[in-house]
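All chains, please: the whole structure from these sequences, using the hints.
Protein chains in written order, with the numbering used here: chain G, -2 to 330; chain P, -2 to 330; chain L, -2 to 330.
No lab work stands behind these hints, which were simulated from the structure alone.
Check each hint, because a few of them may be wrong.
[To be verified] Straight-line alpha carbon distances no greater than 20 Å define the calculated PhoX-like cross-link-like pairs of lysine-lysine that follow:
(1) L:K115 - L:K127
(2) P:K127 - P:K115
(3) G:K115 - G:K127
(4) L:K312 - P:K135
(5) G:K312 - L:K135
(6) G:K135 - P:K115
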Amino acid sequence: MSLTRFMDLADFSREEVEDLIALSNHLQTHPEPQALAGKILGLVFLNPSLRTLASFQAGMARLGGNSFVITPGQGTWGLETRLGVRMDGSAAEHVREGLPVLASFCDALAIRAFADGKNLAADVADSTFKAMADLIDKPFINMESAINHPCQALADWKTLNDLEIAPRAKFVLSWVPHPRALPLAVPAAALHMAALRGHEVVVARPDGFALPEEVMARARAAAAQSGGSVTETDDQQAAMQGAHVLYAKEWGCTRHYGDAAADAALRAGLEHWQVNNDTFQGAVADCRLMHCLPVRRNVAVHEAVLDGPRSVVLKEAHNRLVVQMAVLHRLLA
Amino acid sequence: MSLTRFMDLADFSREEVEDLIALSNHLQTHPEPQALAGKILGLVFLNPSLRTLASFQAGMARLGGNSFVITPGQGTWGLETRLGVRMDGSAAEHVREGLPVLASFCDALAIRAFADGKNLAADVADSTFKAMADLIDKPFINMESAINHPCQALADWKTLNDLEIAPRAKFVLSWVPHPRALPLAVPAAALHMAALRGHEVVVARPDGFALPEEVMARARAAAAQSGGSVTETDDQQAAMQGAHVLYAKEWGCTRHYGDAAADAALRAGLEHWQVNNDTFQGAVADCRLMHCLPVRRNVAVHEAVLDGPRSVVLKEAHNRLVVQMAVLHRLLA
Amino acid sequence: MSLTRFMDLADFSREEVEDLIALSNHLQTHPEPQALAGKILGLVFLNPSLRTLASFQAGMARLGGNSFVITPGQGTWGLETRLGVRMDGSAAEHVREGLPVLASFCDALAIRAFADGKNLAADVADSTFKAMADLIDKPFINMESAINHPCQALADWKTLNDLEIAPRAKFVLSWVPHPRALPLAVPAAALHMAALRGHEVVVARPDGFALPEEVMARARAAAAQSGGSVTETDDQQAAMQGAHVLYAKEWGCTRHYGDAAADAALRAGLEHWQVNNDTFQGAVADCRLMHCLPVRRNVAVHEAVLDGPRSVVLKEAHNRLVVQMAVLHRLLA
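This is the structure:
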């Protein structure tokens, strides 16, 4: 399989995903410290990062390559993404110049750009991100867009493999509390990943927080290919019956998308959606907790669970490095 | 030609400039991925950057070297540049300690420090920057000072070569609108570069925005050496007659230098200086648009020009990487 | 000597310290540009830095390794350090997840986390830092904690060696003025270092600024091992009689620790503690000035001293790079 873009896990078949993970595993046991010698990865962060920022730099270095980091608004001026606008505001440069220039300095470019959080249709269509990607004529990596996070999804898939969670196992994606609305990228990516892996997927979320129909439909189509299933419910406890994996994630109200006051009103009184030890009543004995991190302790998930044996969040995070090295190898070696 | 400082294109003859560009071209076709193995470049940014930040890191990496970035005020405290001051303000460290220390960690140091924008004579003399450079006993690079930007000038020269623009061709440096006053470094450097290359140079700028006499005189002296010419006008349309290159640039009012209110008053009503397709009436058919970037679309230059065939702004930006690799090679290999 | 942590100079005997410095000297004359090939150092800065940020990156590069920098609050969200807290504030991630994740991406992790400045007992016990270090299962480096700065202490020891200052020479650690309270890490580390090296150490500090008894006791114990001595006084001029080295440092009021108003009240009127040429009356003729930097010129130390022959502050700073290369080599080669 040749690779020029890593934009969306849905661009790949199950076999291609497993092939990337096999390469990940191979690189762990058979390091290739010169595979990307002389190659340069440009990393553009329009939003904050910890795991992604560190793991892409570390992954390039472990393969013998180099990287540079651009953080518009910090050391670099803000970048304008809207087309046709008269640029008399704070952004000094447009992505139409900035991104091709950066791409011309490196061998591959990776971009993080979160959802705007105002227009649900535009965010679900990932239109701003796709327009940015179209400006780049080099190998390209999505480090989290409005509606996708394929690096996280690939790391999560590998984590399920590592834990020997059977493809038919029950995978519960549950909404959890957070002080404010967060983007839909990770829940959408995790849902699709679990469906494509063949799981019995249940999305548990409060009323008003249903994932967009396009996201659900895409997951159902993936499940249909893989022999899995996708359902949804507003009853977290019911969802957890017989669960093998609880994937906890925070996201914003979709009924009143972009309306912070309406979101806050709906969110108040949902503290009982926090994951704690009781949440696992009815699940299988060794049901695992997954979370992409960062996680707010004692808000989204109780620390007793995070510090206990169910949690595999550190393994998931470490797998970010491992799978990204395979993606970089495929794109650049 | 041996090189220990890259401070000002005026330190070099036409032949020496062409020699650097020849090395740039050579390194593109004959990469030397180990030329700077073990060498370290320190990059100090007292002001924001995109191209310079990315291209110097990428250039060192392509030559096998390494770099580190220091951004005073972001992760590092502010640096004081004034001599003799009692340091009881916000700056915790003086350049007299900070810069020699950083230089002692690396093999070459590069600094960006924009104009203060208050005292025209001091900015034109580049006195703060020269005082900083005098503290460094290592190979040194000017990544844009109060009145100079030799890396940009060298990239622009190479761009003119790449486009096969004849040395006698008409080169118009035109002021263009911007929401606020910008420094004189790029217009001064571009003017001198074009004069030294031998062009018929016309500076078009509104009343009140004339470049300082020292800057004009230096360019006329360079033109005299090269058989070119330097004139100025406040009539952009007249300047464009027969032009082969339009170099658009924003800069601040020089008549009331450092007076933001006076600058804004003069600036209002100058929107017609924006470059659009009509600006090229009277120019040669394939007249090019150059700009150092970042450019404010639909303020300084209309997007129809930036996205059209006249624009060579991406080529200019890419040439930053290419020529800087030659400078680094000369300084460190 | 094998090494897995570089947390505190007090973990080492005099002989082990000299052994690290011997390795430093060896690496200067016998570079090992491939010693750490393929190795990655993670650098986490919870507080600003200039020397540490640049020298660790440069040191890894000179040994053939790589590094990445994480600066919580700048490009990365804030990190929570308190245990058991309900994370509904501004910090999005807890160190209990963030630090092990970062450690899992690299071969060694280094952290800077200054004192909280509120609870003297907690800061002297270095409890927050030690809790962070306990989360890391990789080689670990203290880049300055609440009460320690072993990299600075090791560089200072080497500087004293380089200057051929005899172990029995008189070493004066003097408080100097600063606009506000600074942490106790450097004075505590410098005091212990000088005592362990065997000096006649005098701590000169105004009333209200005595170093904590635990810090003094630890230094006295080190002096007892080495045949040195540790005393304290509030008379800077008396302390300087016969001094071979003046180590100037700013720190906060310990009598009213964490009380900014009380600190400011005590601090007013102590301007005469500034080091100037008169301070050296009574000292030996070639008495040296040491300071860890950054230093506020004409507040803490007069520029006539900093720019004069007594000052060895640039040598101290350069030695940061030199000794840290030995630490990295021991931890990772």
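Here's how the hints hold up against the structure:
no., hint, in the structure
1, L:K115 - L:K127, "holds (17 Å)"
2, P:K127 - P:K115, "holds (17 Å)"
3, G:K115 - G:K127, "holds (17 Å)"
4, L:K312 - P:K135, "holds (16 Å)"
5, G:K312 - L:K135, "holds (16 Å)"
6, G:K135 - P:K115, "violated (43 Å)"
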